[in-house]
Amino acid sequence: LAKTTQPISMDSYEGQEVNITCSHNNIATNDYITWYQQFPSQGPRFIIQGYKTKVTNEVASLFIPADRKSSTLSLPRVSLSDTAVYYCLVGFHSGNTPLVFGKGTRLSVIA
Amino acid sequence: DAGITQSPRHKVTETGTPVTLRCHQTENHRYMYWYRQDPGHGLRLIHYSYGVKDTDKGEVSDGYSVSRSKTEDFLLTLESATSSQTSVYFCAISDRDERYEQYFGPGTRLTVT
Chain E
1 LAKTTQPISM DSYEGQEVNI TCSHNNIATN DYITWYQQFP SQGPRFIIQG YKTKVTNEVA
61 SLFIPADRKS STLSLPRVSL SDTAVYYCLV GFHSGNTPLV FGKGTRLSVI A
Chain W
1 DAGITQSPRH KVTETGTPVT LRCHQTENHR YMYWYRQDPG HGLRLIHYSY GVKDTDKGEV
61 SDGYSVSRSK TEDFLLTLES ATSSQTSVYF CAISDRDERY EQYFGPGTRL TVT
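Chains as they are written, first to last, in my numbering: chain E, 1 to 111; chain W, 1 to 113.
The hints are simulated quantities; they were obtained by calculation from the structure and are not laboratory data. Treat each hint with caution, since some may be false.
[To be verified] Each computed DSBU-like pair below joins lysine-lysine, with the alpha-carbon atoms no more than 35 Å apart:
1. W:Lys11 - E:Lys103
2. W:Lys70 - E:Lys3
3. W:Lys11 - E:Lys69
4. E:Lys52 - W:Lys57
5. E:Lys3 - W:Lys11
6. W:Lys11 - E:Lys54
7. E:Lys103 - E:Lys69
8. E:Lys54 - E:Lys103
9. W:Lys53 - E:Lys3
10. W:Lys70 - W:Lys53
11. E:Lys3 - W:Lys57
12. W:Lys53 - E:Lys103
13. W:Lys57 - E:Lys103
14. E:Lys69 - E:Lys3
[Unchecked claim] From chain W, some residues computed to sit far from chain E (all C-beta separations above 10 Å):
15. Val12
16. Thr13
17. Pro18
18. Glu59
19. Asp73
20. Leu75
21. Ser83
22. Ser84
23. Thr86
[What the hints assert, rightly or not] Label-pair distances were calculated between CB atoms; the ranges are:
24. E:Ala66 - W:Thr26: 18 to 24 Å
25. E:Ile110 - W:Val52: 44 to 50 Å
26. W:Asp54 - E:Lys3: 25 to 31 Å
27. E:Arg77 - W:Asp54: 33 to 39 Å
28. E:Lys69 - W:Asp73: 27 to 33 Å
29. W:Pro39 - E:Arg77: 29 to 35 Å
30. W:Ser67 - E:Pro65: 39 to 45 Å
31. E:Met10 - W:Ser67: 39 to 45 Å
32. W:Arg109 - E:Ser9: 20 to 26 Å
33. E:Gln16 - W:Glu14: 44 to 50 Å
34. E:Ala66 - W:Glu14: 52 to 58 Å
Ideal Cβ positions, reconstructed from N, Cα and C, are used throughout, including at glycine.
Just chain E, with the same shape it has in the complex (with noise of 0.2 Å):
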């Protein structure tokens, strides 16, 4: 499984797009790019899944580059509610195969 790095926390004003950048140099050609919110006392959530270029969908975009060795998960105009933690997450694209969470970034939105 692809080890990933992504930064432990991040601060952001309301209204303001917020990049989260993942890396994964050892990324395998056949693994896929998973993000996953969660907020306090909650299941994490699924926000988006890529595998090259742009993925977009109504609460998160997705950039991956050529080489697939980062992605960076971008939410356009953060309100509180989204403060959460974000977890990067790169993995063969199968069930039985479980996907490995790190330690996620925490984002913390103010006011």
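Start from chain E and add chain W according to the hints.
This is chain W only, laid out in the frame that chain E set:
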């Protein structure tokens, strides 16, 4: 939200006693997982199941066992609870191979005194 329930939601037990946590799903998903979450460690995988009676160990499986006798239920047992197993336990499920997305339950807070 995916139909996942965990029971009990909170439990306090004494060191040395056996404890069983239950995860129940109504989604008919093939894969089920047990994680624990502790401050400073993030989420760590304990055991997982890829089908009825098919289970495997995760990174922190010592002191835990699991069973899955039917698709909807995945049980986590602490054979003899220790204080180091005080944690929040999350169950998760996922379905098709072509989209690796896990849905998490609400968690069980276990305190071992």
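What hint numbers does the structure not satisfy? Violated hints: 3, 6, 18, 24, 27 and 28; rest satisfied.
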